[in-house]
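From first to last, the protein sequence lines stand for chains Z and A. Last residue of the first sequence: 582 in my numbering, with the numbers rising by one and none dropped. Last residue of the second sequence: 931 in my numbering, with the numbers rising by one and none dropped.
It is possible that some hints are incorrect.
Distance condition first, Cα-Cα at most 30 Å in a straight line; then the derived DSS-like pairs of lysine-lysine [as the list claims (entries may be wrong)]:
#  : chain 1 : residue 1 : chain 2 : residue 2
1  : Z       : K183      : A       : K648
2  : A       : K596      : A       : K731
3  : Z       : K392      : A       : K731
4  : A       : K731      : Z       : K559
5  : A       : K910      : Z       : K559
6  : Z       : K392      : A       : K909
7  : Z       : K77       : Z       : K36
8  : A       : K909      : Z       : K388
9  : Z       : K388      : A       : K910
10 : A       : K731      : Z       : K388
11 : A       : K909      : Z       : K559
12 : Z       : K392      : A       : K910
Since the hints were derived computationally from the structure, they do not count as laboratory data.
Given next are the chains, with one letter for each unit.
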Amino acid sequence: MQDADDILKQLQQRFGDTGLQQQQRKDDILTVWLPKEQLIPVTQWLKAAVDKPYKLLYDVCGIDERDRMGNGYLPLKDFTVVYHLFSFERNDFICLKVALEGEYPSLPSITSLYKNANWYEREVYDMFGIRFEGHPHLQRILMPLTWPGHPLRKEHPARATESGPFRLFTEYEDREQNALEFKPEEWGMQRQTDDADFMFLNIGPQHPGTHGVLRIVLQLDGEDIVDAVPEIGFHHRGAEKMGERQSWHTYIPYTDRVDYLGGVMNNLAYLLAVEKLAGIEVPDRVKVIRVMLCELFRISSHLVWFGTFAQDVGQLSPVFYMFTDREKVFDIIEAVCGGRMHPNWFRIGGVAQDLPNGWDGLVRHFVNYFPKRIREYTNMVLRNSLFKGRTKGIGIYTLEEAIEWGVTGAGLRACGFEWDFRKKRPYSGYEMFDFDIPIAQNGDCYDRAIVRVEEMRQSLRIVEQCLNNMPEGSYKADHPLTTPPIKKHTMKDIETLITHFLNVSWGPVIPAGEAMSCIEATKGANSYYLTSDGNTSPYRVRIRTPSFPHMQMVPYISKGYTVADLLSILGSVDFVLADIDR
Amino acid sequence: MTLLAFDWLYLVEKLVLIAVIISASLLIAMYATYFERKVAAWMQDRIGPDRAGPFGILQPLADGGKLFFKEEIIPNAANKWLFILGPCMAMLTAMMTSAVIPWGSKIDLGGREIALQIADVNIGMLYIFGVVSFGVYGIMIGGWSSNNKFSLMAALRGASQVISYELAMGLSLIALLMLTGSLSLKTIVEQQMSHGNLWNIAYQPLGFFIFFVCALAECNRAPFDLPEAESELNMGYHQEYSSMKLGFYLFAEYINMFISSAIMATLFFGGYDVPFLDESTLNPNIAALIGIAALLAKTFFFIFVFMWIRWTLPRFRYDQLMDIGWKKLIPLALVNMVITAVVVLLRQG
Numbered sequence: 001m002q003d004a005d006d007i008l009k010q011l012q013q014r015f016g017d018t019g020l021q022q023q024q025r026k027d028d029i030l031t032v033w034l035p036k037e038q039l040i041p042v043t044q045w046l047k048a049a050v051d052k053p054y055k056l057l058y059d060v061c062g063i064d065e066r067d068r069m070g071n072g073y074l075p076l077k078d079f080t081v082v083y084h085l086f087s088f089e090r091n092d093f094i095c096l097k098v099a100l101e102g103e104y105p106s107l108p109s110i111t112s113l114y115k116n117a118n119w120y121e122r123e124v125y126d127m128f129g130i131r132f133e134g135h136p137h138l139q140r141i142l143m144p145l146t147w148p149g150h151p152l153r154k155e156h157p158a159r160a161t162e163s164g165p166f167r168l169f170t171e172y173e174d175r176e177q178n179a180l181e182f183k184p185e186e187w188g189m190q191r192q193t194d195d196a197d198f199m200f201l202n203i204g205p206q207h208p209g210t211h212g213v214l215r216i217v218l219q220l221d222g223e224d225i226v227d228a229v230p231e232i233g234f235h236h237r238g239a240e241k242m243g244e245r246q247s248w249h250t251y252i253p254y255t256d257r258v259d260y261l262g263g264v265m266n267n268l269a270y271l272l273a274v275e276k277l278a279g280i281e282v283p284d285r286v287k288v289i290r291v292m293l294c295e296l297f298r299i300s301s302h303l304v305w306f307g308t309f310a311q312d313v314g315q316l317s318p319v320f321y322m323f324t325d326r327e328k329v330f331d332i333i334e335a336v337c338g339g340r341m342h343p344n345w346f347r348i349g350g351v352a353q354d355l356p357n358g359w360d361g362l363v364r365h366f367v368n369y370f371p372k373r374i375r376e377y378t379n380m381v382l383r384n385s386l387f388k389g390r391t392k393g394i395g396i397y398t399l400e401e402a403i404e405w406g407v408t409g410a411g412l413r414a415c416g417f418e419w420d421f422r423k424k425r426p427y428s429g430y431e432m433f434d435f436d437i438p439i440a441q442n443g444d445c446y447d448r449a450i451v452r453v454e455e456m457r458q459s460l461r462i463v464e465q466c467l468n469n470m471p472e473g474s475y476k477a478d479h480p481l482t483t484p485p486i487k488k489h490t491m492k493d494i495e496t497l498i499t500h501f502l503n504v505s506w507g508p509v510i511p512a513g514e515a516m517s518c519i520e521a522t523k524g525a526n527s528y529y530l531t532s533d534g535n536t537s538p539y540r541v542r543i544r545t546p547s548f549p550h551m552q553m554v555p556y557i558s559k560g561y562t563v564a565d566l567l568s569i570l571g572s573v574d575f576v577l578a579d580i581d582r
Numbered sequence: 583m584t585l586l587a588f589d590w591l592y593l594v595e596k597l598v599l600i601a602v603i604i605s606a607s608l609l610i611a612m613y614a615t616y617f618e619r620k621v622a623a624w625m626q627d628r629i630g631p632d633r634a635g636p637f638g639i640l641q642p643l644a645d646g647g648k649l650f651f652k653e654e655i656i657p658n659a660a661n662k663w664l665f666i667l668g669p670c671m672a673m674l675t676a677m678m679t680s681a682v683i684p685w686g687s688k689i690d691l692g693g694r695e696i697a698l699q700i701a702d703v704n705i706g707m708l709y710i711f712g713v714v715s716f717g718v719y720g721i722m723i724g725g726w727s728s729n730n731k732f733s734l735m736a737a738l739r740g741a742s743q744v745i746s747y748e749l750a751m752g753l754s755l756i757a758l759l760m761l762t763g764s765l766s767l768k769t770i771v772e773q774q775m776s777h778g779n780l781w782n783i784a785y786q787p788l789g790f791f792i793f794f795v796c797a798l799a800e801c802n803r804a805p806f807d808l809p810e811a812e813s814e815l816n817m818g819y820h821q822e823y824s825s826m827k828l829g830f831y832l833f834a835e836y837i838n839m840f841i842s843s844a845i846m847a848t849l850f851f852g853g854y855d856v857p858f859l860d861e862s863t864l865n866p867n868i869a870a871l872i873g874i875a876a877l878l879a880k881t882f883f884f885i886f887v888f889m890w891i892r893w894t895l896p897r898f899r900y901d902q903l904m905d906i907g908w909k910k911l912i913p914l915a916l917v918n919m920v921i922t923a924v925v926v927l928l929r930q931g
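Chain A with its partners taken away, still in its complex shape (with noise of 0.2 Å):
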């Protein structure tokens, strides 16, 4: 009987989502590859890829079909179970993150409200936390079983980079905690949402900027790239991967730049909010509509900036970021961290 009893369609609602989801991110992490070769070029006074398709917008699929021709090979030195759980590790925590956050308000469907959340979890902050650090371990595994030193030294530097970053990073929203009272990401956006609030960056500049710092470096992103620093260690901990393999990890990556810009965008930047908009009074299958184009174009904004950072700055070296982590982001963490508690107490009189 309890079969009959459960909400059967609510667990299609919830496959269908993670489909879309999934899928959604893969497209994106795909194009993202695109535009970042757009941006990079422009930049660089280049025109970029422009021989697949119009505007060579058919370049992510070229790429993505040479990747799944090219050889595999596996090292013979190469531990292979290892080998091969490295990028699968890599891809999986990627596409983990993305189940707490709220893309939209809620859609409605023949008189079925379906929550754009596959999953409201009230310890939402912390799973993504959980699932961040994991996601260290596929830089950690692929880059010692390549067996390789290179890899090695990447490896290395990919863990204790991920470890101190993670600090400051958690240091940072521990101050945004304190004013929203909620780890539950759906809470913070109808906070940010609701009469007479402001977005919490207004509330938070700094807890914001070293958040964006550390979400730099968490995402091995220039100028923090120094897990797969490519004029020392040529290309790092992916080293000797060949094929779908490498693909994997290169995607893992995008797909990190995404998840951590819409993170940004709901925890500091309103989530799906449109400033200057009431959605109440709109269709509320319109406004989820709004809501979702709000939330990926400050998405997109947060992407474009990863990138023009990646194609300005030089690249930090190993005991620079080092002491960047832990002598000027944990202390600054700290200090945000006393000075909102310190605010808090005092409005609460």
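Bound conformation, chain Z alone (with noise of 0.2 Å):
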């Protein structure tokens, strides 16, 4: 808080303390109104001049104001942008609001600052019509590019039947392909040059090496990758727009949908955020049950990567002994959840039910016979010389290109920087447990690798702390928001019988206010931005995913690269559609 108050002093005596207003948040994140003309010379601040300079851009994103409660206190009433930016040395994110009004405002691009804000801001544009100036390609990125309306906007409907049945003319349909074809000039690429003349091969929509529905359009010199531009938005299902229709609990299955490998890790990320709002502390108990599971699901989710990226390069096996793995991690799933890979199983200020008998055994059992298993792929897969000849050296980025590209989780430990949030900014009791940060130093396609099967084996310590020290206590935390709601004095007297029936039907009221949670998800950081107007339903749900900057970074590491390199860097970055699209 010293440090926050301390950027805020700088700031408001370096841009005058007219424009520049703070504003309180239920997370400790400072927060700074800015005026749009402010925006450049303040970022370019806080990147390079300040000392302990804030070098990721963590996330961007808008909010359609105009129908918000009590939104008084705005500078502004109509849209707000707003960017967070993190500082490793500081260990702490800032976060600027940029106010603007009109139908469609428009502010200054970032771009020329950070690398990542490109697709962020493209973001912004299809969901509100915010136009960026300066920005080098402001095109739809997750929306058609024949699409009417921008989502995000309180006016787009959010339901399929809030508008008329759908019809596919003719016309129609040849719109949408034509829409489809990629044209290399709008990218600025050339088609030839005095030496060679360039194949641009689609990668994708449906393609076995893309893990899902991703295109990614190649500029190819024979086999070697001159350019590339990823297309996505496939697999873009509006989880950020239902949750401004969900109630704050109903929200929480839709959350596992996001990272789908992630499962239950999900609900924390969302969960985290609205019980910073709701001002709930969950019991030690609901703590460890969710790091445990958590870590479960990252064994799952990193035995999935590990299967397919070596099936990716070629080797068709392993992918069958992690799954078969993967199957015993969701027998335990299965036995406390009882679901697989959608458990949908935390809940406000706690989790469903309590933990089954037995469960101990089932773990034990796991934890017994995991490591072998770790060892045995470690020999088939990564001490593979073939594998290692197809994954050193390729897709490298540095330490500095990382950050600068907004890279979080394996990907930036394989550059040798040793950042966890688990351990850095430590959250549902993680700084309770014993576990090492694995890294390594060359940043390449096997150093992720490297990386990522490491965190299994520590994700496996941490599963068996959880085992050996469960605390007793109850599995909800006794708070009135805590969803379900607790029934003990229900039937004692009409006034809870009330609150309880209103909590039922309607879902928790979440007090006023913004919130942000930030964890280690399989892939890299996940956050949920939530804002509440004091209502049953989230004002406005963003979601940070990982995958989307790792994929924003793919051309940039795979140039120069052949098109079987690509496969090895896809598999490598570990990404998930949905995590990508939402």
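Starting from the two chains in their separate frames, assemble the complex, guided by the hints.
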């Protein structure tokens, strides 16, 4: 906090305190309102000039403020663009907000300062129609190019039933088809040079190497990649828009499906933010149960990555062994949660049920069984010289580049930077556990693989500690906003019965405010930035996913390599399409 | 009069032999697909096909039937004639190689001796090389005429791969030829069978290794399966094919694998020779049957090794593949050739 006050003072000294207003949030992140003219100088200063600079552009999102209840304190009442910057030296976020006025407002682009701002700004444009002046290629990114309207604006319908029946006319189909045609000139690419004709090759949207519906247009000189343009959005389901009409409680299952390999880890990211807003402090047992399940899911997610990565470089068998082991993880998950990939099991202020009888036997069996398997896989895949030949020295980026492009998670640790949000900004009781942060030095595909494999071992250590030290106590916080609400006094007095009835039927009313969580998810830093205007559903849900900036970096790290290397790179980046598109 | 003087029975005999060998290769190729799926399943802790017939042994028939009834699609942008020619070439060359392989010594039918080889030509090995290098046309034409970028890349990869590896393969065999002094496969087998001689693998271990690696590459089998690299180029050169044309490509691959295994067994592992058994003391028909069984057993072993490798190793990258071909295998084959030449010279005194 001292640090935050300090930086605010410095900011006000430099840029005058007339335009700069501080806003209080529920999560202690320093939030400053800026006039849009000051955006570039302030970010420039924060990135480069200030002592312990904010090197990472963590997230950019927009908010349509026009329907917000009690928005009187806002400087301007139409739109807000929110920038979250992060400083590794300070281990702190800063939030910059730019208020905008008008139906389709505009503000300066910061793409010249942060490389990863490019896609974030495109997304804000796509979702709100806010224009960024000076952006190199401001085009829709998640929605189809032909989409009418901007989905996250409040006037845009949220459900299919709010608009007429869908008919696919021939002209409409043709228009959609034509919109998908790739025009290299739009991306500043040449079709040929003096000594080479380039081939443009669509990898995807249906391709076994892309792990889902992702299209990458490659500019090829023979087999060498000259440039690449990823096209995302095929998996876009409007998870953020859905949040605005689900109750705080009923949104939990939707979070499961964002990083669909991470399972309850998504619940955790969402709930940490909700609990900050509601001011709920959960009991220790809840924390440990949550940590245990999250780490089990980390293992299961890494197993999927490991198997498919080996398959991407042509080793066809390991994926079967790893999926078999993943089943063993799912046996535990299933016994505990009843679900497998989408357990939807964490609740506001707790978890859905207590752990079942015999859970410890299952977990202990797995803890004893798994280390031998990791050793075997390491020998089978990581020590295979062909595998090394395909992954070493491929897709290299340095630490500076990683931060510049917003890389988090294993990709960052593979550059030799010991940064793990579980250790550095502990949440849900991670400070109680003993584990290491695995790192590697070269930042290539092979190192990213090593880091993830070592992470599985560390996760297993954490699971073992959970097993041995599971605290007694309640699986729910004793707080009025805990959902489903606590029932013990309902049959004794009418007031509690009424509150209970309302909280069950409407869902809890979370007090107005803003909060952001930040967790080390399976693929990197995952955040939910929630805005409440004191209603039964969020006013705005912003999901910051790690795969989005990682995918944005793919063209940069695959230039100059061959098509086969692209598959190694995609495999090593470990993305999930739903995590990119939401 | 010349027509009468011609040994008509000889013609019948050869035609029957051709029919038998072709159907046998097809059958074996069919069951190689089944076997491949079973091997993969065993290696991956799965069961594999087990629905069609007991242990799933009718699976190849079901697969074949399915391929026949699939819709034939010829893409609009494809060159129709070349598109059809591609799989035909692949199949044709795959079937032709088997002509010079001696499947056994000979059998005796009512006093008539029948050699178990379609053609004992004295350039047997050159014939094989000729036909095998012809095989790449199937990939080239198919991939190019599909008018698909993935297919085109696969075709180019296939062509350069076959050319590079054929060199090393040829060089590895030259060393063998110095020892045998003959290009006829029959002679090579008989030399290995004769007294005091070991199988060629004992004299040419390095040569065999090079030949084996090149055979993997020539058959487009993993880790050299770049022309059909599933995770990069989808299905490679036969991406646009459907129905039995696709079947031809897939089938040709298995026939090629069978024939290369048979050639390896013939050249380096004594062909139809059974070790520690003097065939001349046996009834010639029984000896021939034992010989065929021995050759097939060796062949199946190699087929299994091919599959084992495929389900174990990752794939090479294109440039790595070229590096291995040109910078490793060819120098190695040259060294092998020089050493063999020196030894042969010294032994001749």
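*Provide an ascending list of the numbers of those earlier hints which the structure does not satisfy.*
1 and 2
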